Amino acid sequence: MLHHCCRCNWLKILFRSNFCQRKLSSSHFNCRLFGSDLVPSTSQWIEIKEEDLPSKTILSLEEVRHVENLALVQYEDLNFEKTILEDAIRFADILLTVNTDDVEPLYTVLEDESLYLREDIVTEGGSAENILKNAQSVMEDYFVAPPGNIALSDSEHKSN
Amino acid sequence: MVPSLFMMQRCLFPGAIGCKPSFILVKRYNCSSQKNARLQDDRWIPTVGLEIHAQINSQSKLFSSAKNQFMAPPNSLVSNFDASIPGTLPVINKECVRKAVRTGLALNCKIQKTSFFDRKHYFYSDMPQGYQITQYKHPIAKNGYLHYPTADGSVVKRVKIEQIQLEQDSGKSMHEEGQVTLIDLNRAGVGLMEIVTAPEVSSAGDACAFLKELYGILMRIGTCDGKLAEGQFRVDANISIAQQKTKLGTRVEVKNISGFKHIHNVIEYEIKRQIRIVEEGGIVESETRAFDYETGFTVSMRDKEIKQDYRFMPEPNLPPLHVYDDSSVTSLSNPSSVINVDQERRNLPKLPADIRGHLIESFHLSFVEAEFLTNRNMENYFIEVMECAHNLNPTVVWNWIKMHVIAHMVEYNLSSIEECYVSARDLAALLLLLHNNEINAETAHLTFTTAIQTRQHPDKIVEENNWKMISDKETVTKLCEDAIATLQCTDAKALSGYDADKPKSKASKQAIKRVIMLVRKNTNDKIHTGVAKDVTMKLLNYKRTS
Numbered sequence: 001m002l003h004h005c006c007r008c009n010w011l012k013i014l015f016r017s018n019f020c021q022r023k024l025s026s027s028h029f030n031c032r033l034f035g036s037d038l039v040p041s042t043s044q045w046i047e048i049k050e051e052d053l054p055s056k057t058i059l060s061l062e063e064v065r066h067v068e069n070l071a072l073v074q075y076e077d078l079n080f081e082k083t084i085l086e087d088a089i090r091f092a093d094i095l096l097t098v099n100t101d102d103v104e105p106l107y108t109v110l111e112d113e114s115l116y117l118r119e120d121i122v123t124e125g126g127s128a129e130n131i132l133k134n135a136q137s138v139m140e141d142y143f144v145a146p147p148g149n150i151a152l153s154d155s156e157h158k159s160n
Numbered sequence: 001m002v003p004s005l006f007m008m009q010r011c012l013f014p015g016a017i018g019c020k021p022s023f024i025l026v027k028r029y030n031c032s033s034q035k036n037a038r039l040q041d042d043r044w045i046p047t048v049g050l051e052i053h054a055q056i057n058s059q060s061k062l063f064s065s066a067k068n069q070f071m072a073p074p075n076s077l078v079s080n081f082d083a084s085i086p087g088t089l090p091v092i093n094k095e096c097v098r099k100a101v102r103t104g105l106a107l108n109c110k111i112q113k114t115s116f117f118d119r120k121h122y123f124y125s126d127m128p129q130g131y132q133i134t135q136y137k138h139p140i141a142k143n144g145y146l147h148y149p150t151a152d153g154s155v156v157k158r159v160k161i162e163q164i165q166l167e168q169d170s171g172k173s174m175h176e177e178g179q180v181t182l183i184d185l186n187r188a189g190v191g192l193m194e195i196v197t198a199p200e201v202s203s204a205g206d207a208c209a210f211l212k213e214l215y216g217i218l219m220r221i222g223t224c225d226g227k228l229a230e231g232q233f234r235v236d237a238n239i240s241i242a243q244q245k246t247k248l249g250t251r252v253e254v255k256n257i258s259g260f261k262h263i264h265n266v267i268e269y270e271i272k273r274q275i276r277i278v279e280e281g282g283i284v285e286s287e288t289r290a291f292d293y294e295t296g297f298t299v300s301m302r303d304k305e306i307k308q309d310y311r312f313m314p315e316p317n318l319p320p321l322h323v324y325d326d327s328s329v330t331s332l333s334n335p336s337s338v339i340n341v342d343q344e345r346r347n348l349p350k351l352p353a354d355i356r357g358h359l360i361e362s363f364h365l366s367f368v369e370a371e372f373l374t375n376r377n378m379e380n381y382f383i384e385v386m387e388c389a390h391n392l393n394p395t396v397v398w399n400w401i402k403m404h405v406i407a408h409m410v411e412y413n414l415s416s417i418e419e420c421y422v423s424a425r426d427l428a429a430l431l432l433l434l435h436n437n438e439i440n441a442e443t444a445h446l447t448f449t450t451a452i453q454t455r456q457h458p459d460k461i462v463e464e465n466n467w468k469m470i471s472d473k474e475t476v477t478k479l480c481e482d483a484i485a486t487l488q489c490t491d492a493k494a495l496s497g498y499d500a501d502k503p504k505s506k507a508s509k510q511a512i513k514r515v516i517m518l519v520r521k522n523t524n525d526k527i528h529t530g531v532a533k534d535v536t537m538k539l540l541n542y543k544r545t546s
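Just so you know, the protein sequences line up as chains A and B, in that order.
Be aware that the first sequence starts at 1, since it is given in full-length UniProt numbering, and climbs by one per residue.
Be aware that the second sequence starts at 1, since it is given in full-length UniProt numbering, and climbs by one per residue.
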């Protein structure tokens with residue numbers, strides 16, 4: 001399997017050796033010959049042409065409203081919001097050019113860590129006053145919120 | 001409530017152009033009379049998938065160390081993390097992980113050595129973070145199964161358990177007259193095990209049978225307290241109907257049903273509703289419905305819920321959850337800080353199915369009898385009684401436990417058989433006295449009551465009160481012979497009615513009764529009437545033939 005180290009690629013062509021030919025594994029990527037880092041010393045810009053990307057995602061106004069509902073945000077101008085969203089998606093499209101075949105998804109950078117398990121002892125809570133301190137509206141030690149999703153009553157099923 | 005109103009209905013299948021209309025017998029019934037109602041329509045195959053949310057009975061919550069308690073002043077058991085105050089992080093509770101592993105093992109699942117947590121995003125006032133921490137892609141246990149008995153144990157069915165995941169419970173919201181909602185976060189963050197089944201259950205009856213077995217297992221392994229009134233065991237049902245077994249129709253979800261009777265009602269109602277819609281030519285809408293406890297109907301929610309997109313994403317604040325086994329735990333410096341699956345497997349108690357099997361096999365109890373004892377955690381008491389007195393008839397012991405021991409526990413408000421005032425050994429002694437005819441049924445009951453009050457051993461009680469009956473064959477025979485002789489002298493007519501060929505006739509019974517009465521008088525009521533009756537009958541038969 002070939003790897004991406006630009007220096008070693010050059011070397012490989014010259015000496016036709018297998019010095020730098022290693023399996024692409026997620027944590028052991030080390031070119032012994034020059035001891036170069038994974039991180040290049042100068043910024044490496046790769047230009048991605050518009051043609052290399054898939055076609056631009058165009059959203060319908062319905063979809064924009066749907067996203068508004070999910071995210072609980074709302075712009076005044078729906079069309080402006082549509083443009084913003086489409087540009088944002090376009091910007092993220094460059095991720096699609098990266099080849100991720102045979103690469104395990106990185107779930108968390110903490111993947112070598114292990115979740116710490118705490119003992120089952122009560123040490124927190126006990127003060128309603130503290131918890132309610134920041135609330136805008138409180139009624140008898142309850143948070144007050146707008147009415148939520150409530151079931152329809154008799155009128156609906158009487159017609160059944 | 002009478003269920004039957006038969007109607008002949010002429011109906012066309014939707015889309016069945018050119019087909020002959022078929023007449024279907026439709027049985028209409030009132031939902032609340034479940035016992036006699038049966039869905040009688042073979043063309044539609046209902047499919048039910050269940051998601052059970054069982055609250056883990058840990059001391060503290062899943063990701064915070066606030067107290068896990070049902071009744072408490074509002075918002076008094078809330079940590080900063082539960083209230084989503086910025087700057088707080090989740091720290092998982094070891095006991096919750098242990099109980100999830102235990103449950104997974106009891107349900108024959110494969111415990112995943114590494115599992116991950118995800119965020120499930122949706123906005124609701126009782127969930128301050130705006131997301132719930134759950135395990136969507138990589139849960140802690142997968143691919144299990146459960147065998148459950150139906151029809152009084154004669155049929156055993158199997159359901160696949162897709163997965164068991166750890167997740168947070170939300171807070172509680174109280175709706176005030178449509179004006180505002182009051183939020184109490186005491187329950188927010190409490191650990192839940194979500195047990196997901198494959199859509200394999202095909203009726204409300206099966207669903208309830210499965211849930212009862214699952215409930216019994218969770219109680220037995222001690223991972224959930226199962227207080228239905230406190231919402232510790234909630235069920236979401238996904239119900240659909242199809243015409244073929246291989247297909248699945250549009251599913252309708254009904255959430256947060258608590259109580260077995262309600263679950264039965266909901267599923268039956270929903271199946272019936274969907275069948276009615278489809279047969280009237282309509283299409284079942286994919287939605288989430290709520291459940292009206294009083295009427296037993298499922299109803300649509302007021303805000304037609306937008307198609308929810310939960311935007312699952314890995315929980316960035318939680319590294320992978322590792323559980324270990326005997327081989328991998330040795331390499332750790334501190335083995336007690338982690339969960340060892342093999343250790344948990346060794347610590348699993350006997351499950352209800354095994355206990356019932358043992359009772360049925362060893363003592364020839366019926367399924368119903370075995371289930372009765374197992375459900376009340378009384379199997380050990382029963383077994384101990386049988387072990388103290390091998391000769392006893394198991395059904396007699398069972399009947400005694402069912403009638404007298406349970407009555408005692410109810411009267412004295414005892415919650416478990418261990419608190420019973422009469423130990424298994426004492427009960428065995430008592431029933432042995434009864435079995436050997438040393439006391440009769442009436443005295444036995446009296447002795448039992450006295451044992452409860454005085455806490456004395458039954459043998460001692462019987463002796464002190466001089467309740468022992470005369471029952472040895474020799475003495476009884478002599479007494480009966482004397483009585484018969486006396487009667488023949490004083491009142492010959494009394495015995496004349498006895499007919500050896502018809503011992504059960506009124507006249508025969510009367511004759512025997514006269515003898516017994518005299519013997520009782522002579523022995524100051526100490527005679528064991530049962531034994532005396534047998535002896536008397538034999539003597540009278542003999543007299544007739546001689």
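In short, the hints are calculated from the structure, not lab data.
Just so it is clear, the structure is predicted and the values come from calculations on it, not from any experiment.
Do not take every clue at face value.
[Stated by the list, open to error] Cross-link-like lysine to any residue pairs, in silico, SDA-like; alpha carbons within 20 angstroms at most:
{"hint": "1", "chain 1": "B", "residue 1": "K137", "chain 2": "A", "residue 2": "P146"}
{"hint": "2", "chain 1": "B", "residue 1": "K113", "chain 2": "A", "residue 2": "L115"}
{"hint": "3", "chain 1": "A", "residue 1": "K133", "chain 2": "B", "residue 2": "S84"}
{"hint": "4", "chain 1": "B", "residue 1": "K94", "chain 2": "B", "residue 2": "K473"}
{"hint": "5", "chain 1": "B", "residue 1": "K157", "chain 2": "B", "residue 2": "A72"}
{"hint": "6", "chain 1": "B", "residue 1": "K142", "chain 2": "B", "residue 2": "V155"}
{"hint": "7", "chain 1": "A", "residue 1": "K133", "chain 2": "B", "residue 2": "P73"}
{"hint": "8", "chain 1": "A", "residue 1": "K133", "chain 2": "B", "residue 2": "N80"}
{"hint": "9", "chain 1": "B", "residue 1": "K172", "chain 2": "A", "residue 2": "P146"}
{"hint": "10", "chain 1": "B", "residue 1": "K172", "chain 2": "A", "residue 2": "L132"}
{"hint": "11", "chain 1": "B", "residue 1": "K113", "chain 2": "A", "residue 2": "L110"}
{"hint": "12", "chain 1": "B", "residue 1": "K172", "chain 2": "A", "residue 2": "Q136"}
{"hint": "13", "chain 1": "B", "residue 1": "K120", "chain 2": "A", "residue 2": "L106"}
{"hint": "14", "chain 1": "B", "residue 1": "K94", "chain 2": "A", "residue 2": "V138"}
{"hint": "15", "chain 1": "B", "residue 1": "K172", "chain 2": "A", "residue 2": "E113"}
{"hint": "16", "chain 1": "B", "residue 1": "K113", "chain 2": "A", "residue 2": "G126"}
{"hint": "17", "chain 1": "B", "residue 1": "K172", "chain 2": "A", "residue 2": "S137"}
{"hint": "18", "chain 1": "A", "residue 1": "K133", "chain 2": "B", "residue 2": "D342"}
{"hint": "19", "chain 1": "B", "residue 1": "K94", "chain 2": "A", "residue 2": "L72"}
{"hint": "20", "chain 1": "B", "residue 1": "K137", "chain 2": "A", "residue 2": "L110"}
{"hint": "21", "chain 1": "B", "residue 1": "K113", "chain 2": "A", "residue 2": "L72"}
{"hint": "22", "chain 1": "B", "residue 1": "K172", "chain 2": "A", "residue 2": "R118"}
{"hint": "23", "chain 1": "B", "residue 1": "K172", "chain 2": "A", "residue 2": "V103"}
{"hint": "24", "chain 1": "B", "residue 1": "K137", "chain 2": "A", "residue 2": "V103"}
{"hint": "25", "chain 1": "B", "residue 1": "K120", "chain 2": "A", "residue 2": "L72"}
{"hint": "26", "chain 1": "B", "residue 1": "K137", "chain 2": "B", "residue 2": "E167"}
{"hint": "27", "chain 1": "A", "residue 1": "K133", "chain 2": "B", "residue 2": "L182"}
{"hint": "28", "chain 1": "B", "residue 1": "K473", "chain 2": "B", "residue 2": "L518"}
{"hint": "29", "chain 1": "B", "residue 1": "K172", "chain 2": "A", "residue 2": "L115"}
{"hint": "30", "chain 1": "B", "residue 1": "K113", "chain 2": "A", "residue 2": "E113"}
{"hint": "31", "chain 1": "B", "residue 1": "K142", "chain 2": "B", "residue 2": "E280"}
[Unchecked claim] Computed spacing ranges between beta-carbons, pair by pair:
{"hint": "32", "chain 1": "A", "residue 1": "N69", "chain 2": "B", "residue 2": "Q179", "range": "19 to 27 angstroms"}
{"hint": "33", "chain 1": "B", "residue 1": "P335", "chain 2": "A", "residue 2": "Q74", "range": "51 to 59 angstroms"}
{"hint": "34", "chain 1": "B", "residue 1": "M301", "chain 2": "A", "residue 2": "H66", "range": "13 to 21 angstroms"}
{"hint": "35", "chain 1": "A", "residue 1": "E119", "chain 2": "B", "residue 2": "N380", "range": "25 to 33 angstroms"}
{"hint": "36", "chain 1": "B", "residue 1": "N108", "chain 2": "A", "residue 2": "Q136", "range": "37 to 45 angstroms"}
{"hint": "37", "chain 1": "A", "residue 1": "Q44", "chain 2": "B", "residue 2": "T114", "range": "31 to 39 angstroms"}
{"hint": "38", "chain 1": "B", "residue 1": "I85", "chain 2": "A", "residue 2": "N69", "range": "25 to 33 angstroms"}
{"hint": "39", "chain 1": "B", "residue 1": "H147", "chain 2": "A", "residue 2": "D87", "range": "39 to 47 angstroms"}
{"hint": "40", "chain 1": "A", "residue 1": "H66", "chain 2": "B", "residue 2": "I85", "range": "24 to 32 angstroms"}
C-beta atoms are modelled at their ideal positions from N, C-alpha and C, and glycine is treated no differently.
Each hint tested on the structure:
no.	hint	in the structure
1	K137(B) with P146(A)	violated, 33 angstroms
2	K113(B) with L115(A)	holds, 12 angstroms
3	K133(A) with S84(B)	holds, 13 angstroms
4	K94(B) with K473(B)	violated, 67 angstroms
5	K157(B) with A72(B)	violated, 41 angstroms
6	K142(B) with V155(B)	violated, 26 angstroms
7	K133(A) with P73(B)	holds, 16 angstroms
8	K133(A) with N80(B)	holds, 11 angstroms
9	K172(B) with P146(A)	holds, 14 angstroms
10	K172(B) with L132(A)	holds, 15 angstroms
11	K113(B) with L110(A)	holds, 17 angstroms
12	K172(B) with Q136(A)	holds, 18 angstroms
13	K120(B) with L106(A)	holds, 19 angstroms
14	K94(B) with V138(A)	violated, 34 angstroms
15	K172(B) with E113(A)	violated, 34 angstroms
16	K113(B) with G126(A)	violated, 36 angstroms
17	K172(B) with S137(A)	holds, 17 angstroms
18	K133(A) with D342(B)	violated, 47 angstroms
19	K94(B) with L72(A)	violated, 35 angstroms
20	K137(B) with L110(A)	holds, 18 angstroms
21	K113(B) with L72(A)	violated, 38 angstroms
22	K172(B) with R118(A)	violated, 26 angstroms
23	K172(B) with V103(A)	violated, 43 angstroms
24	K137(B) with V103(A)	holds, 18 angstroms
25	K120(B) with L72(A)	holds, 15 angstroms
26	K137(B) with E167(B)	holds, 13 angstroms
27	K133(A) with L182(B)	holds, 16 angstroms
28	K473(B) with L518(B)	holds, 18 angstroms
29	K172(B) with L115(A)	violated, 29 angstroms
30	K113(B) with E113(A)	holds, 14 angstroms
31	K142(B) with E280(B)	violated, 40 angstroms
32	N69(A) with Q179(B): 19 to 27 angstroms	holds, 23 angstroms
33	P335(B) with Q74(A): 51 to 59 angstroms	holds, 54 angstroms
34	M301(B) with H66(A): 13 to 21 angstroms	holds, 18 angstroms
35	E119(A) with N380(B): 25 to 33 angstroms	holds, 31 angstroms
36	N108(B) with Q136(A): 37 to 45 angstroms	violated, 50 angstroms
37	Q44(A) with T114(B): 31 to 39 angstroms	holds, 34 angstroms
38	I85(B) with N69(A): 25 to 33 angstroms	holds, 26 angstroms
39	H147(B) with D87(A): 39 to 47 angstroms	violated, 57 angstroms
40	H66(A) with I85(B): 24 to 32 angstroms	holds, 31 angstroms
The structure does not agree with the numbered hints 1, 4, 5, 6, 14, 15, 16, 18, 19, 21, 22, 23, 29, 31, 36, 39 stated previously, though it agrees with the rest.
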